[in-house]
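Participant: With chain A held as given, fit chains B and C onto it using these hints.
Chains as they are written, first to last, in numbering that gives the first Met the number 0: chain A, 0 to 303; chain B, 0 to 171; chain C, 0 to 789.
In case anyone wonders, no lab produced these hints; they're calculated from the structure. Source: prediction; values computed, not measured. Please note: incorrect hints may appear among the correct ones.
Stated by the list, open to error - Per label pair, the in silico range of CB-to-CB distance: (1) Gly8/B <-> Ile252/A: 37 to 47 Å; (2) Gln82/C <-> Ala123/B: 58 to 68 Å; (3) Ala85/B <-> Asp560/C: 42 to 52 Å; (4) Glu257/A <-> Thr387/C: 49 to 59 Å; (5) Ala120/C <-> Ile252/A: 26 to 36 Å; (6) Glu162/B <-> Glu414/C: 29 to 39 Å; (7) Gly24/A <-> Glu53/C: 21 to 31 Å; (8) Gly249/A <-> Arg47/C: 27 to 37 Å.
Beta carbons: idealized from backbone N, C-alpha and C, even for Gly.
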Amino acid sequence: MIPAPFEYARAASLEEALSFLAEHGDEAKLLAGGHSLLPLMKLRLATPGVLVDIGRIEELQYVRDEGEAVAIGALTTHHDLSRNPLLRRQLPVVAHVAGQIGDPQVRHRGTIGGSLAHGDAASDLPAVVLALGGTLVALGPKGRREIPASEFHNGFLETALEPDEVLVEVRLGKSGGTGWGFEKLTKRAQDWAIVAAVAVQREDAPGGVGVGLVNMASVPIRAASVEAALADGASVAEAAELADADSDPGADINASVEYRRHVAKVLVRRALERALAGPAGGDGAAGAAGAAGGAGAASEGGSS
Amino acid sequence: MKVEVRINGRSVAAEVEPRMLLVQFIREVAGLKGTNIGCDTTSCGACTVLLDGQSVKSCTMLAAQADGLDVMTIEGLAPDAGDGSAPGATALLHPVQRAFHEHHGLQCGFCTPGMVMAVTSLIAEAEPGSLDEAAVRVGLEGNLCRCTGYHNIVEAALAAAREAGVAAGATE
Amino acid sequence: MSILGNRVLRREDPKFLTVGGTYVGDLELPGALHVVFVRSPLAHGVIRSIDTDEARAAPGVVGVFTNADLGAGPMTPMGMVNQSMVRPLLAEGRVRYVGEPVAAVLAETHAAGVDAAELVAVDYEPLPVVVDPVTAAETGAPILFDDVGTNIAFELNFGEDPSFFDGCDVVVRQRILNQRVAPCPLEVRSAVAEMVDGRLRFHASTQAPHDVRSTLARYLGMEESAVHVVSPDVGGGFGAKGGVYAEEVVVAALARNLNRPVRWTETRSESMLGFGHGRAQMQDVAIGATSDGKIQAYRLNVLQDCGAYPDMGAVLPFLTRLMAPGVYAIPKVECSSRSVVTNTVPVTAYRGAGRPEATAAIERAIDCLAAELRLDPAEVRRRNYIATDAFPVTTAVGTEYDTGDYAMALERALEVAGYEELRAEQARRRSAVAPDLSSEGAGGGLAPRSKQLGIGLSSYVEITAPMGGGEFGAVEVKPDGKVVVRTGTSPHGQGHATAWSMLVADAMGVSLEDIEVVHGDTDVVPRGGGTMGSRSLQLGGVAVSQAAVEVVDRGRQLAADLLEAAPDDVVLDKTMGRFHVAGTPSISRTWAELGAASLDRDGQALQAEVDFEAPGPTFPFGTHVSVVEVDLDTGQVELVRHISVDDAGRVLNPLLFGGQVHGGIAQGAAQALFEEFRYDADGNPLTANLADYSFVSAAELPSYEWTYTETPTGKNALGVKGIGEAGTIGSTPAVQNAVCDALSHLGVRHVDMPATPVRVWEAVSAASSSVPAAAAAARSEPANATNGGA
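For reference, chain A alone in the conformation it holds in the complex:
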């Protein structure tokens, strides 16, 4: 409950954040919403020497229409993403998934940049950004560079960000708005996904669809074999059978490797069906006898 001691520096601007990072090097960790880092620090599973708090940098809190793409500031909270009118209209999958992360309190603090930079394979937004073929923008001493989402996650909790760089923006093409499905299997509503799958229609993808998987490897991944099979004319059911082809899931207290591979196929099939279906889907978790809302399997999708 009590983190190991550290130094704290609040950056009032991006410029200041970069200079703190340059000053403290490897010792420093960026603190945005803190909902990935602080829980680890409280259990002393992370003991950074210096925390650079970028949470107040307002210039990184935005969702903007930039013609071909929607640009999202890295410090935009999950809550703000879920309520953002532009996202709800243009990229409802992002608003929807952001609204399913953790719990309301977590969504009030957690940010899209923090989620991506932490790089946990079990978090939902990185898989969505992958499926949408998004681009991440980093700012460092050498300036601004764009990193394709497919090249961002390098290994377990590792990203392409350099220690002196800050993730500043996520850019998403708008084509993912036409049809989407998101299927998340959790033990409890507030838990991380045991497995989740997201499918989005994309005009720029060979098969017309992008598919992302949560918690099916040490990093968030794309189900490239599924996408390729669809491009080759496979049916949804056939393609979904390849859901685990590009994965390397682990076993933990919630699931075996075998179970994850199986469930990935089920969830990808359901996500694809929703993404490619005609009318907007409803909430697949609703019970016939009518009862609790969000327990366990949350699924939603639609098309426009």
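Facilitator: Relative to the frame of chain A, chains B and C by itself:
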């Protein structure tokens, strides 16, 4: 480092270690013991307070991150009686507090402050007509209670939502 | 009109809702030192050395202590249990579970203590570990207590009659896991100790302050009169705060030894490894019946996991045995048990404590029998209930049930549930050939074939106040007319302040606002049994009620003296709260006047103290019906409805009664579907915090369809039974049976708890590997799934 937080309208300033959590600042520095600590993994929500009007888990924020911001705890929720009396000393209750009382939404009371603040935030940011039972249940996924089985908490939240005009029309 | 039986809002609430309760961790204690424990990272090992030098030298550290420094303990098991399995307060020579406290750091701040605890260097030599109780009971298993030479702490042996199942047409056997769970009250353990005028004052988060007083005195070698225990607000207990923990004794010992105030509050992660666990039984059931479903014989063998030191957990099978036959008239019942130590957290009481395990076993056995005989589970129950006109009745294990009407509770529950309709819907889904599109579920058409419906029943009877004993209650009238009630119960959410006030108001004709209920202070309340085992109302409430009646008698006597009338002519006007001579209400004496007059006359307060001894325990009962949807593709289970009909005798306040049932249902359902405390083979805990341990939330549960009936007991004048644990006892088997029922047409006979997605999916996969899935899905008859004859 010096941290100053406005808690329930009162400014509280102190020299603290950077590692001090907001919940520790509220309990130990401000001396407000209504906000409880029920876990150490951001799971239980007993420490929920409002930060600039939004529910947050005060165990997962540094006090330093709240520097200069507005925090409301359970002690700040009931309307001021205007006679200098402490909260709880009068019959004045916030609608959410009153709903918890009338629907028996509490037993041992340990989760209650966090639960009440979470419901308050849920109602405050709900769109009109949006809160049905399912939405309330999912909206409280981050607040654990071991006594009530949630049944009466959900009833209390729905009653307060109706009073605030954000309950789904068809409910009950 | 009596206030009893009315929905009265809680008097306790305003404080909790506006400023929060005052829990032990909230107490201000200037200058108090903070205790932080160093805990074992190993499940089993020899302690070679403990180096505390670096920690002692750390900033803010006052001292670092090991067991030899304390001059207190060791803790001894309760009677019946192997007395050689003693527990040192801090591990000495050997550690036996991950989380066992090894040393105590005393520091000026909590943070300094946490920092220094990391500097205590303990050198361990690992020993072979035993986690599984089945293995622990076998010869050749690693032994926890070398000088004992066995891991068996306690046994109940009633032999095995070789002709036990003679005359049965069918015998069904099943091994059932009643898994280890963590009680998880929202408030973790916390203690504050200080020496005041030569006496130890100890603030405890407990369900039984008087037991804490005697236990601390014993382990500290102090007179009981030198120990003062106060239990302020307590944030839940669920049985696991019913005893005294080693850490609490250490806190008291340090305060006494150093003569300085000391405080301790654990973290949740510590609590998961130190606070007692619950359940943890492996059960083997065998049930024999005639072909028309009349049960002839039932055998239950229990293997109880005690954890590393035999605590209350060791004797849970004793309670399980008392209730083994449940609500059924079974001519022959055998129940044997063996309690073994393992390298895990000690097991203690958890809501129901041994009785939920009994109900879970028999209710699963009944469903297995119904499946074997292809009978409706409701019908098998009907054919075997103890008849309503048979009470009082002594079961085959010797337990005497007071009152009950089991068939009535079943029929009522089935009616509320719409049982026939549910069975029809289940059949429709089983025969559906809809393509497996999840979106069609909500699309207004066919339910997806993958979402199967399960309906589970559980008829329960339980024993409340099972340990017997009595309870203290006192009522005193103050000169200002206020009434002070002192009770030996120790509420921590149950609402005794409201309930006891209702009893007193009803007897005396005073308003609730004028009644104060005092509990939890051993200097103010001379004795008490605390709150556990659903005992409070039927013992403590009755004691308070009797004291109020006695005060009325004394008040009448005093009023008669003052009014110069015969006591028999004086009546109490309860609407006004005053005594007068019958027929002349204008001349009267109020309670305030009588309270003052009593003091004036002889200096004695107008009061009565009662120690109520009940002639025996009581036996609440009911039936729960649970409805689940199971996604066959993912194994995910959703609890969609839960219906309960509960009967605990006369109901004092339906608001409080319902609250107890609701909470019980949630905990019981959570055990069936979500919660399990798990270890790996090396004894490392895998669910050691609330992120990994699936403490259930509102989002996983439905609202409950709850109703109650009232069948009074004759064991007390109020006709009341306990209701604190019934919800848990009834709900767990109903939910588990529903899960198994949803899968029965696929050839699945049993799924152990918790029914997690992976476990359900594995059960479905295993069944469908022997039965083609499509064929199985279309079958309407239950599969023949017996695994044994007589």
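Participant: Each hint: holds or not?
Facilitator: Now for the hints, and whether the structure bears them out:
In this structure the hint that Gly8/B and Ile252/A lie 37 to 47 Å apart at CB holds, the actual value being about 45 Å. In this structure the supplied range 58 to 68 Å holds for Gln82/C paired with Ala123/B, their Cβ-Cβ distance being about 59 Å. About 44 Å separates the C-beta atoms of Ala85/B and Asp560/C, a value consistent with the hinted range of 42 to 52 Å. Look at Glu257/A against Thr387/C: about 51 Å separates their beta carbons, and that is inside 49 to 59 Å.
A hinted range of 26 to 36 Å for the beta carbons of Ala120/C and Ile252/A is consistent with their spacing of about 30 Å. One distance hint, 29 to 39 Å for the beta-carbon pair Glu162/B and Glu414/C, holds here, with the actual separation near 34 Å. In this structure the hint that Gly24/A and Glu53/C lie 21 to 31 Å apart at CB holds, the actual value being about 29 Å. A hinted range of 27 to 37 Å holds for the C-beta pair Gly249/A and Arg47/C, which are about 35 Å apart.
In this structure, none of the earlier numbered hints is contradicted; all agree with it.
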